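Q: Here the protein sequences line up with chains A and B, keeping their order.
Each residue of the first sequence is one higher than the last, beginning at 1 in my numbering.
Each residue of the second sequence is one higher than the last, beginning at 1001 in my numbering.
Any given hint could be a false lead.
[Unchecked claim] A few chain A residues facing chain B, derived, Cβ under 7 Å:
no., residue
1, V67
2, R81
3, R171
4, V194
5, H197
6, V198
7, V215
I should point out that these hints are in silico values taken from the structure, not numbers from a laboratory.
As the structure is a computational prediction, the values presented were derived from the model and not from experiment.
For each residue, glycine too, the CB sits at the ideal point set by N, CA and C.
One letter stands for each residue in the lines below.
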Amino acid sequence: MAAGERVRISNRSGAIRVSTAPGAALSVDGAPVTRDEDGTWCVRCGPGSSSIEVTCADGTDLVIGTVSGHVDVQGSPGAVRIATVSGKIAVEQAARLDVRAKSGHVEVGRCTGDCHVVVTSSRVEIGEAGKAVLSGISGRLVVDELHDAEVKTVSGDVTLGARGGGRIAVRTVSGGVEVELPPDSAPHTRLTSVSGHVECECPQGDDGEVRVATVSGRVKVSCR
Amino acid sequence: MTTATGTIVFTDIVGFTQLTDARGDDFALAMLERQEKVVRDALADCGRVVKELGDGLLLWFDDPRDAVRRCLQVLRTFEDDTVGDVPLWVRVGMHFGCPRRRGDDIIGRDVNLASRIVDLAGPGEVLCSQATADEIGELPGVQFEPLGPVFVRGIADAVPIVRAVPA
Chain A
1 MAAGERVRIS
11 NRSGAIRVST
21 APGAALSVDG
31 APVTRDEDGT
41 WCVRCGPGSS
51 SIEVTCADGT
61 DLVIGTVSGH
71 VDVQGSPGAV
81 RIATVSGKIA
91 VEQAARLDVR
101 AKSGHVEVGR
111 CTGDCHVVVT
121 SSRVEIGEAG
131 KAVLSGISGR
141 LVVDELHDAE
151 VKTVSGDVTL
161 GARGGGRIAV
171 RTVSGGVEVE
181 LPPDSAPHTR
191 LTSVSGHVEC
201 ECPQGDDGEV
211 RVATVSGRVK
221 VSCR
Chain B
1001 MTTATGTIVF
1011 TDIVGFTQLT
1021 DARGDDFALA
1031 MLERQEKVVR
1041 DALADCGRVV
1051 KELGDGLLLW
1061 FDDPRDAVRR
1071 CLQVLRTFED
1081 DTVGDVPLWV
1091 RVGMHFGCPR
1101 RRGDDIIGRD
1111 VNLASRIVDL
1121 AGPGEVLCSQ
1131 ATADEIGELP
1141 GVQFEPLGPV
1151 FVRGIADAVP
1161 IVRAVPA
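Model the full assembly from the supplied sequences, consistent with the hints where possible.
A: In C-alpha cells form, the structure reads like this:
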C-alpha cells in the first residue's frame, strides 16, 4: 500500500483502531473491505457493534465516521478526518486533521498542518499543532504548542501555548482565555473583555499577533 | 402531495440556548431578528425562508449553486457581526433532494438529513451533503472539501459530507 492512498472506515458503535507503519500493507480485522471507483479503500461494519482494527501505510489519508465508538489512531497517517457524536477520539499524529464531535474527549498528540476541531461540549487537548482552528460551545480547549490559532467558543475556557511569531485569534462569550508565549516575546496584542479582567505580561511589539475578544471571560497573556 | 427538487438549507445560531440563559429572552429575540434580516437580505429572489425553527431558519433554493453562494455570503456578513456586545455565530447545513411539499412547507427524509448536517458545522461553516456537491459539480470561487462519512441521528447509513469554502 502506498502513502497517499485513502481508507474510509465507518462503524456505528464499535471501536475503531488504526495503526500505520512504513510501507505496511492494508490489513483489516472486524469488517469487509471494498474498493471504490476512485480507489478509496472502504471498511464498513454492518449492523452490530464489533470493533474494527486497521493497519495501513504511513501517509495514508483516513476518513472515519462513527456514532459512539472510540477512535484510536496511532502512527503517522496523512490527512485524518473523524466525525463522531460521543465517542472518545485519540490521534497520536496526523499531517492534517478535521475532527467533529458533540461530546466525549478529543486528544491529539501532534498535527503538523491545519488542525480543525469542531465540538459541542467535548474537552479538546492537543499537544502540538501548526495551525489550530477550534470551535466549541462549552468544552475546554487546550493546545500546548502551536504557531497560529483561530478559536471560537461560547463558554469553554481556552488555554494556548504559542511558539511566538504567529497569529493567534480567540473569541469567546464567557470562556476565559489564557495564552502563553515564549520568554521575551513582544507580540502585537489586541485584548478586549467587556466585563472580564484583562492582563498582559508581554511588552508590545511586532513579534506575531495575539487578538482576544471576549464578553465576560478573563484574559491573560503571559511570556514564560 | 407534490415533490420539489432543490436545496434544503438549515441555519442555526451557535450557542443560542446558553446565550439565552445568560442574557435573557429579549436578547434571544434580538439574535433571531438579526439572523432573519441578514438571511432575507441575502436571499434576494433566488431562495425563500420556508419557516423559522427555534434558533434557526429552514430555507429553500431551486439551484444548489445559489444556495452555496448565498450562504457563504451570509456567513461572511455574520463573521464580524454582533448583537450588543455578543458575537453572532451562525452555521449552515444543506442537502440537495426531493422533499414533499405540504403547502409552503417541505417535509421528508431529505429535510431531516439537512437538519442533521447543520448540527455538524462549526460557527461560520457551510456543510453540504456530497449529493449537493455532486449536483453542483464545479463552482467558480468555491471549493468542496470532503469530510467523510458521518452517522447522524435517525439516518441508517453514514452520509458523506463536504465543507464549502471560498477558493
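Q: Does each hint fit the structure? Answer for all of them.
A: Quick rundown of the hints versus the structure:
Checking A/V67 against chain B: minimum C-beta separation of about 4 Å stays under 7 Å; hint holds. The interface hint given for A/R81 is met, as the beta carbon of that residue sits about 5 Å from the closest beta carbon of chain B, less than 7 Å. Taken as an interface hint, A/R171 checks out: its beta carbon lies about 6 Å from the nearest beta carbon of chain B, inside 7 Å. Hint on A/V194 holds. Least Cβ distance to chain B is approximately 5 Å, under the 7 Å limit.
Because the closest C-beta pair between A/H197 and chain B is about 16 Å apart, greater than 7 Å, the hint is violated. Residue-level restraint check for A/V198 is violated (minimum Cβ-Cβ distance to chain B is 14 Å; threshold 7 Å). Because the closest C-beta pair between A/V215 and chain B is about 5 Å apart, less than 7 Å, the hint holds.
Consistency with the previously given hints fails for numbers 5 and 6, ordered from lowest to highest.
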